[in-house]
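From these two lone chains plus the hints, build me the complex, please.
The residues making up each chain are set out below.
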Amino acid sequence: MTDNKKPNEISDHEFQQMFLASSATIKTNEKIKQEILRLGEPEMNTKATNNITKIEHKNSKSGTRKL
Amino acid sequence: MHSETYEQIFHQEFDKLVHLATFIVGSRAVAEETVQEAFIKLHSDWFSVKNPGGFLHVTVINKCKGLIRKRKVTSKHLRLVEPDFQSEEPNDYLIDVLQKLKPLRRSVIVLKFYGGYTIHQIAELLDIPEGTARSNLERAKKDLREELENDG
Chain C
77 MTDNKKPNEI SDHEFQQMFL ASSATIKTNE KIKQEILRLG EPEMNTKATN
127 NITKIEHKNS KSGTRKL
Chain R
8 MHSETYEQIF HQEFDKLVHL ATFIVGSRAV AEETVQEAFI KLHSDWFSVK
58 NPGGFLHVTV INKCKGLIRK RKVTSKHLRL VEPDFQSEEP NDYLIDVLQK
108 LKPLRRSVIV LKFYGGYTIH QIAELLDIPE GTARSNLERA KKDLREELEN
158 DG
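First to last, the sequence lines map onto chains C and R.
Sequence positions in the first sequence follow the numbering used here and run 77 to 143.
Sequence positions in the second sequence follow the numbering used here and run 8 to 159.
Bound-form chain R, shown alone (with noise of 0.2 Å):
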């Protein structure tokens, strides 16, 4: 039985996972459809689940990456360039300059320094080495300062 209640898990987490997955995707309307999704599969899931916070956070991730997997083949076959997705408001600033990463880097950094998970949590939940997911948070680090200090 766990300790906290659906509401309880839903007060903690909701507000957190949108804003990450709003900075994975580049959308809020996207981001919080991917959380709602993510609670819905908690919610059948419940009673299996045994840490609820830990699921939905693995499941918004996964369901990030699959949303950049399926955007990316998209633009392959159509030869999109737009940004991964069109955002329907405007977004911090942050948030665009964001989605002119490659999308690995920029999950990395911003599970890094907003997720606030190690360099090994990362790479567990991104199914990558730690030695990429290192590689990548320099590297992103590096993008976004150049990015920020072209645009500044």
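Pulled out of the complex, with its shape left as it was, chain C reads as follows (with noise of 0.2 Å):
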């Protein structure tokens, strides 16, 4: 974007920066990240190994996609 500013005006890139300041002053809750992050992950793990085996198993029968 093109960025035609007047003398005095806030610039673009000013813009950012004063987005970049205050966002920093924004602090998360750490226990609503800790209950988050504990939605799942172990479930989600598992499925996906399950998933690679079960695709690795199948390549191997028919004898495709051997590395």
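In short, the hints are calculated from the structure, not lab data.
Some hints here could point you the wrong way.
[Unchecked claim] Simulated restraints on C-beta separations: (1) C/Gln110 / R/Glu137: 33 to 43 Å; (2) C/Glu85 / R/Phe54: 45 to 55 Å; (3) C/Gln93 / R/Ile47: 14 to 24 Å.
The beta-carbon is built from N, C-alpha and C at its ideal position, and this holds for glycine as well.
What follows is the structure, encoded as structure tokens:
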């Protein structure tokens, strides 16, 4: 985007810097973060591992895509 | 299969999404709740979501739009005059000043200067024409400059 600013006007870069500085003042809640992290990571990893195992098994049986 | 784990996506996106939503809705607590709901949705749709980061951003922005719309309807019927959301704690000056802007202008300027989105992406996210996004960005910049000058 063009930034045709007049003298003494806030430039786009200055707007970005203002938002960045302000965002640093927003402190997030650790308790909520832990709750979200605990949401289901082990379950997702197990499902993902199972899926990968199934694909590998299928490939080895069919003889295709062997590396 | 995603190249990143849920945990990696969480660490990359959580703070940024809370900041983005706080700028738009004016309350960190409401923003955190919104982002938490988005992560719950991501968790339940994990295997069907192709781009988890994009999914989270779209979900959070849609939820913010919904909150603003709901608040607008409530204000209209109850004739409320207070800001969109009552913050539970003192906000940074910029967050308070942003709440004086019209919701669409506020969303556009936040997505542009904090979210780093292009006008094309902002138009898609907010489901508005590109020209509307562009004109609202210019108006938002003008409004924000005026508010900062008046208060400064």
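Against the structure, the hints come out as follows:
1. C/Gln110 / R/Glu137: 33 to 43 Å: holds (40 Å)
2. C/Glu85 / R/Phe54: 45 to 55 Å: Hint holds: Cβ distance 49 Å, inside 45 to 55 Å.
3. C/Gln93 / R/Ile47: 14 to 24 Å: For C/Gln93 and R/Ile47 the Cβ distance comes to about 34 Å; the hint is violated.
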